[in-house]
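Student: Starting from the structure of chain A, add chain B where the hints point.
Line order of the protein sequences matches chains A and B. Going left to right, the first sequence walks through residues 1 to 76 as my numbering numbers them. Going left to right, the second sequence walks through residues 1 to 144 as my numbering numbers them.
Note that these hints are calculated values from the structure, not bench results. These numbers come from a predicted model, not from an experiment. The reader is advised that the hints may include incorrect statements.
Stated by the list, open to error - Calculated lysine-lysine pairs in the DSBU-like style (CA-CA distance at most 30 Å, straight line):
#1 LYS37/A / LYS121/B
#2 LYS121/B / LYS79/B
#3 LYS121/B / LYS44/A
#4 LYS121/B / LYS67/A
#5 LYS114/B / LYS49/A
#6 LYS31/A / LYS121/B
Claimed, not checked - Here are the simulated distance ranges between beta carbons:
#7 LYS37/A / GLN97/B: 26 to 36 Å
#8 GLY18/A / GLN28/B: 35 to 45 Å
#9 VAL135/B / GLY57/A: 17 to 27 Å
#10 GLY18/A / PHE10/B: 18 to 28 Å
#11 ILE27/A / GLN9/B: 23 to 33 Å
#12 ASP117/B / LEU58/A: 43 to 53 Å
#13 GLN97/B / MET72/A: 53 to 63 Å
Glycine included, each C-beta is placed from N, C-alpha and C at the ideal position.
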Amino acid sequence: MKNYEDDGQWMWVSFAPGCRLILDFVIGPRKQYVADKLVELTIKHLSDKIPLFVTDGLKFYRDSLLKQFGIMKEFP
Amino acid sequence: MGKRGPKPQFTSVACPNKDCKLYGLTDQGNVTGNGTYTSRGNKTRRYVCHECGKAFCDQTGTFYHDLHKDEETIDLALKMSMKGMSIEAIADVLEVQSASVKRWLACAAEQCDKVNDHMIKNVEVSRVEMDELWVIIKKKYSHE
Chain A
1 MKNYEDDGQW
11 MWVSFAPGCR
21 LILDFVIGPR
31 KQYVADKLVE
41 LTIKHLSDKI
51 PLFVTDGLKF
61 YRDSLLKQFG
71 IMKEFP
Chain B
1 MGKRGPKPQF
11 TSVACPNKDC
21 KLYGLTDQGN
31 VTGNGTYTSR
41 GNKTRRYVCH
51 ECGKAFCDQT
61 GTFYHDLHKD
71 EETIDLALKM
81 SMKGMSIEAI
91 ADVLEVQSAS
101 VKRWLACAAE
111 QCDKVNDHMI
121 KNVEVSRVEM
131 DELWVIIKKK
141 YSHE
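One chain only, chain A, in its complex shape:
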């Protein structure tokens, strides 16, 4: 259990607490690409409406969500 905090495999889960439904999961290390995969898989199950995404604050989620839903707007 020495390397508990970050090393090793994690099960990344996305779930809808409103209907107690596990939407999808990915097993992988705490890396950006795994977060990207989870967000991508989760979106496949959702309708066109974008829900509120609640996370534990891990920055990988923010970057993944921005990749999927973010729109760059430049102001003059």
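Tutor: The following block gives chain B in isolation, referenced to the frame of chain A:
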């Protein structure tokens, strides 16, 4: 007067070939019986689709298709796995090769994925939570 000739059979059977025009449609008159064969001690019916010409059987497209062991044994292996028994222990109890158990588990996982993808579509929820759970995979390495 009704239609002459024998009544159409297998009207509830649909063609499982995704490239077929009548894929997944029942009661189209395209499927007829194509004999039977014995598999794992049970009689299995074969069908043929006259639209695409492909032959298939009752188990085509299911988890049990192309698996040689009987369904009860495979179900038991999956149940034991869900209860936390190791692959070696399951193989030992059922007197089969551990490679077979591994293959069944892989097939079941693949089928579950398909069912999941098919069933969980267009979910409308207001909130999605995402989190990571630490899991023990490759126990040996984590203890080193």
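Student: Would you list, in rising numerical order, the hints stated earlier that this structure does not obey?
Tutor: 10, 11, 12
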